[in-house]
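Letter by letter, the chains look like this.
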Amino acid sequence: MRMEKEEVIVVKNLYKSFLDKVILNGIDLKLHRGENLGIMGKSGIGKSVLAKCIVRLIEPDSGEINVLGKDVLACNDTELDDIRKKVGYLFQGGALYDSMSVRENLLFPIRRTQFVDKKHDSQELVERSLASVGLLDVIDKMPSELSGGMRKRVALARTLILRPEIILYDEPTTGLDAVTSGEISELIIKIREEYNTASIIITHDVKCAKIATDRISIMENGVFMVEGTYNELVHSDRKEIRDYFI
Amino acid sequence: MSDDLITKNMKKINTKIISSRQIKVRKAQLQEEIRNFDTSIFIDLGELAIFTGKVIKQFFKPPFEHKEIIKQGFLLGNKSLSLVSVTGFIMGLVLTMQMNPILTDFGAQTLLPGVIAIAMIRELGPVITGLICAGKISSGIGAEIAAMTVTEQIDAMEVSGTRPLGFVVSTRVLASTIVVPILVIFADAFSFLGAYLAINIFSDMSSTLFINNAFGMLSFKDLIPATVKTFFFGFFIGLIGCYKGYNAKLGTESVGYAANSAVVASSLTVFVIDLIFVLIINIL
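Just so you know, the protein sequences line up as chains A and B, in that order. For the first sequence, position 95 (counting from the first letter as 1) is numbered 95 according to our numbering, and the numbering increases by one without interruption. One gets our numbering by counting positions in the second sequence from 1 and adding 1000 to each.
In isolation and in its complexed conformation, chain B is listed as follows (with noise of 0.2 Å):
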């Protein structure tokens, strides 16, 4: 054998011995990395209900800062109405125009109202509200309090006795809960408005015609739950952006990182609560 091919199947050998290496390295740090995305969720959620429930608690301990959550509900509430407004038109103007030439096939166009009604009311308004509101309080609650949190403004608060959990954590959870399912509703009517004006594209429907149509399809079954769960959107949606915002590490990137997983966390929760919901409706 030559020089030369004793060298190059030495290289081949080198390659295939670094190569198996390399693999056997790449399999424990993702054996490791799996490990640790195992044990992080579950330090994760473990954290977050221990911090729900310092929360809760502190719904009940006086001072009561009636002013603050008015505040920080007017905040939120103003941040997201227009959004929130525009998306229910579009949705409803969208809904509208997919459904209208299916129900006219079958002969069926004076379901639309009902239809849209159904569909708005006890899923899309909730759910796209909630992801949006995942996506604009979720988000500013947690850069707002991790960027309190970098500044030491909640240690401030903290070695004064003064209990930043009361006043920044729990009026903002407060606050969230109660302006979140005040959202649905404008979405809800908005997007009426979007498929009441959709519907006249096509052809010639009188608002109280539409209004009947749609209204005469609903009933308590469907409103409840739909206005049930909302609450505990705007619940979560709160609790997890000051979470994320509390938990943040020093440093102005962790300002960055809190609101970013505060967005993917609240979103994710919007839709596990959904699934719920929808579980224990049809159960019952």
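Next comes chain A alone, as it looks inside the complex (with noise of 0.2 Å):
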């Protein structure tokens, strides 16, 4: 008999309006350990309402998400708390904090809540996760300092400090050459087989999306109207779900 993995994240039926503008219409998601799912859609449809309903940032007007076995929905702050240290996010800007040397933005997360008692843990921490995007050489720098792309992997290694066992990518290579967007796909793969995370990864890019994906979710109207691989998608008999990948 074939194992099932563990579901990390189940959302039922969530919906989310914006005055009279109903953004999620009762969507369902699954995510399993391990596994790394695209969400793809056109701007402006609900894609990161979504992944800021599952952390809480948005409140959902009604549904159930479930995370890593906890409803998110009846927590306290608390709770709250103990399950966001274990889902990381990634912003669409990386939200660096700009009055703070990157090693500092990498260490906040950890003094604040108290995630390793000594210093020099801590530091090594810092180390460890800014080598694991590959940009040990900038620990000293501002963030206005560090380009586009190096914002972005140096947001990640903050997400990555905390030891997340979730992350969710709010469109990682937005704003990003081609290359620079490969070299992010590729860091989120390599990501996965390191911390052994499962991901939500909010994309536009075809690119990103074939790279880093297992499975791609099309967003549309507030729920999901078809899942599938890149490659059944690309080769859908439908039109208006190939012209995603064009």
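Take these hints with a grain of salt, some might be off.
[Stated by the list, open to error] Pair by pair, the computed Cβ-Cβ distance ranges are:
id : chain 1 : residue 1 : chain 2 : residue 2 : range
1  : A       : Gly175    : B       : Asn1260   : 25 to 33 Å
2  : B       : Gly1251   : A       : Asn231    : 56 to 64 Å
3  : A       : Asn13     : B       : Gly1046   : 46 to 54 Å
4  : B       : Phe1042   : A       : Asp28     : 53 to 61 Å
5  : B       : Ile1185   : A       : Gly175    : 44 to 52 Å
[Said to hold, decoys possible] Below, a list of computed lysine-lysine pairs in the DSS-like style, where the Cα atoms sit at most 25 Å apart:
id : chain 1 : residue 1 : chain 2 : residue 2
6  : B       : Lys1136   : B       : Lys1067
7  : A       : Lys141    : B       : Lys1067
8  : A       : Lys21     : B       : Lys1067
9  : B       : Lys1221   : B       : Lys1054
10 : A       : Lys86     : B       : Lys1071
11 : B       : Lys1071   : A       : Lys141
12 : A       : Lys86     : A       : Lys42
13 : A       : Lys210    : A       : Lys190
14 : A       : Lys85     : B       : Lys1136
15 : B       : Lys1249   : A       : Lys21
16 : A       : Lys85     : B       : Lys1057
17 : A       : Lys42     : B       : Lys1249
18 : B       : Lys1061   : A       : Lys85
19 : B       : Lys1071   : B       : Lys1061
[Stated by the list, open to error] Sample of chain A residues at the chain B side, in silico, Cβ under 7 Å:
id : residue
20 : Lys5
21 : Glu7
22 : Val10
23 : Gly26
24 : Gly34
25 : Lys85
26 : Leu107
27 : Thr113
28 : Tyr195
29 : Tyr244
30 : Phe245
Everything labelled a hint here was simulated from the structure, so no lab data went into it. Idealized CB from N, CA, C, for every residue including glycine.
These two chains come separately, so use the hints to put the complex back together.
As structure tokens, this is what we get:
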């Protein structure tokens, strides 16, 4: 008998509206351990809203969200903090703290969450995280001194510092040149192997979807209209699905 | 009736109908605006109260950010010190020049240092410093946190379980609560310097006599409420700046809006707190 992989995120019947505009219209989603799920769709369709609902940066109107076996919507603040420490989130613009150096950016979550006690251990963790994204040499630079691609990679290193079990990538390659976006896509795969993470990758970038995802869901009208592997979707009979990969 | 006249009258009637319609529409719009204005004030006050509760809760939750409080205190104080000192100096100078002829007419020139001291310490020093800090500190905090909100830095802290309210907000509120009373002391001290200089323009008064006259008329009844209210000024100036910045909407224009509304709200709050303190003191 084939063993089913553990579900790390389960979203059921999720609704979210802003004023009278329905963004999420009863959406369902499952993410398995070690899996990279791509989410594609037009701009403004609600992909980022879905990701933010999963970590409760946005409160959904109704539905169920289960992360690592815990009902996110029923959590109190402390329980929510515990779940959030296990879910990394890479923001579209990196969201590095401007007033802190790269080292301080990475040390900040460790210190605030008391992830490791000893100063020596936290320094080692910072260096290891930066090394895994290949940017150890920028450790004492300020975010304003970094290029767009570097900022994304440093943000990814900061996400990795708390050893998350799940990573939500919000447009990881947007605004980057083809070479750098390819490097980021490869990095997503490398991180999964190194840290054994499951990921949701919200992207418009076909190359990123091809390299970094195992399965892709295409969102339209607040629900997923189709799901499949990159090859299945690229060779779909329906033109409107193939259009996403042009 | 000629055709021209009929057309002219028809036009008049139409204009009247249109204008009465416009009035009705405008009336409905105004009613809606008044309703929205009323509710938005109450919603804002309610949200500010909830926000205040959350921030105060963070004061007692570890990890305590002593270093960040000192850093923010230094930045906020350093930013406003020169402005507050110059304003205090000019206030002392101008007030003395205005009061001197009046008191001279009554033959009460020796009371001048005492009158200036009471006016500055009880009222002008704290309120003017409060207003300057509302402009400098509250807008600065509002714009800084709004920029962090717009660039998702606050969300990034939230999502890593690092509680931005504790690190970003409570540290700035505490720093502002500590720094504003210190700035008021500077403003008062420089106003004394200005007053001393102004008195010596018109007449000759030794520094010892000036200090004796000034402090001779002051009592603890003047000092304590004036000092206590500056802590409240500082707390609300920091809090309102943080609140406006923290609740900024996405988009760069919201940074300017947060800074601007922080100045307006905290300036108004300075006057309201001052009024409350005066009423309490008068009752006591």
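Each hint, compared with the structure:
{"no.": "1", "hint": "A/Gly175 <-> B/Asn1260: 25 to 33 Å", "verdict": "30 Å, holds"}
{"no.": "2", "hint": "B/Gly1251 <-> A/Asn231: 56 to 64 Å", "verdict": "40 Å, violated"}
{"no.": "3", "hint": "A/Asn13 <-> B/Gly1046: 46 to 54 Å", "verdict": "31 Å, violated"}
{"no.": "4", "hint": "B/Phe1042 <-> A/Asp28: 53 to 61 Å", "verdict": "39 Å, violated"}
{"no.": "5", "hint": "B/Ile1185 <-> A/Gly175: 44 to 52 Å", "verdict": "50 Å, holds"}
{"no.": "6", "hint": "B/Lys1136 <-> B/Lys1067", "verdict": "22 Å, holds"}
{"no.": "7", "hint": "A/Lys141 <-> B/Lys1067", "verdict": "21 Å, holds"}
{"no.": "8", "hint": "A/Lys21 <-> B/Lys1067", "verdict": "45 Å, violated"}
{"no.": "9", "hint": "B/Lys1221 <-> B/Lys1054", "verdict": "34 Å, violated"}
{"no.": "10", "hint": "A/Lys86 <-> B/Lys1071", "verdict": "31 Å, violated"}
{"no.": "11", "hint": "B/Lys1071 <-> A/Lys141", "verdict": "20 Å, holds"}
{"no.": "12", "hint": "A/Lys86 <-> A/Lys42", "verdict": "29 Å, violated"}
{"no.": "13", "hint": "A/Lys210 <-> A/Lys190", "verdict": "15 Å, holds"}
{"no.": "14", "hint": "A/Lys85 <-> B/Lys1136", "verdict": "36 Å, violated"}
{"no.": "15", "hint": "B/Lys1249 <-> A/Lys21", "verdict": "18 Å, holds"}
{"no.": "16", "hint": "A/Lys85 <-> B/Lys1057", "verdict": "21 Å, holds"}
{"no.": "17", "hint": "A/Lys42 <-> B/Lys1249", "verdict": "23 Å, holds"}
{"no.": "18", "hint": "B/Lys1061 <-> A/Lys85", "verdict": "18 Å, holds"}
{"no.": "19", "hint": "B/Lys1071 <-> B/Lys1061", "verdict": "19 Å, holds"}
{"no.": "20", "hint": "Lys5", "verdict": "25 Å, violated"}
{"no.": "21", "hint": "Glu7", "verdict": "21 Å, violated"}
{"no.": "22", "hint": "Val10", "verdict": "19 Å, violated"}
{"no.": "23", "hint": "Gly26", "verdict": "25 Å, violated"}
{"no.": "24", "hint": "Gly34", "verdict": "22 Å, violated"}
{"no.": "25", "hint": "Lys85", "verdict": "4 Å, holds"}
{"no.": "26", "hint": "Leu107", "verdict": "11 Å, violated"}
{"no.": "27", "hint": "Thr113", "verdict": "5 Å, holds"}
{"no.": "28", "hint": "Tyr195", "verdict": "16 Å, violated"}
{"no.": "29", "hint": "Tyr244", "verdict": "26 Å, violated"}
{"no.": "30", "hint": "Phe245", "verdict": "28 Å, violated"}
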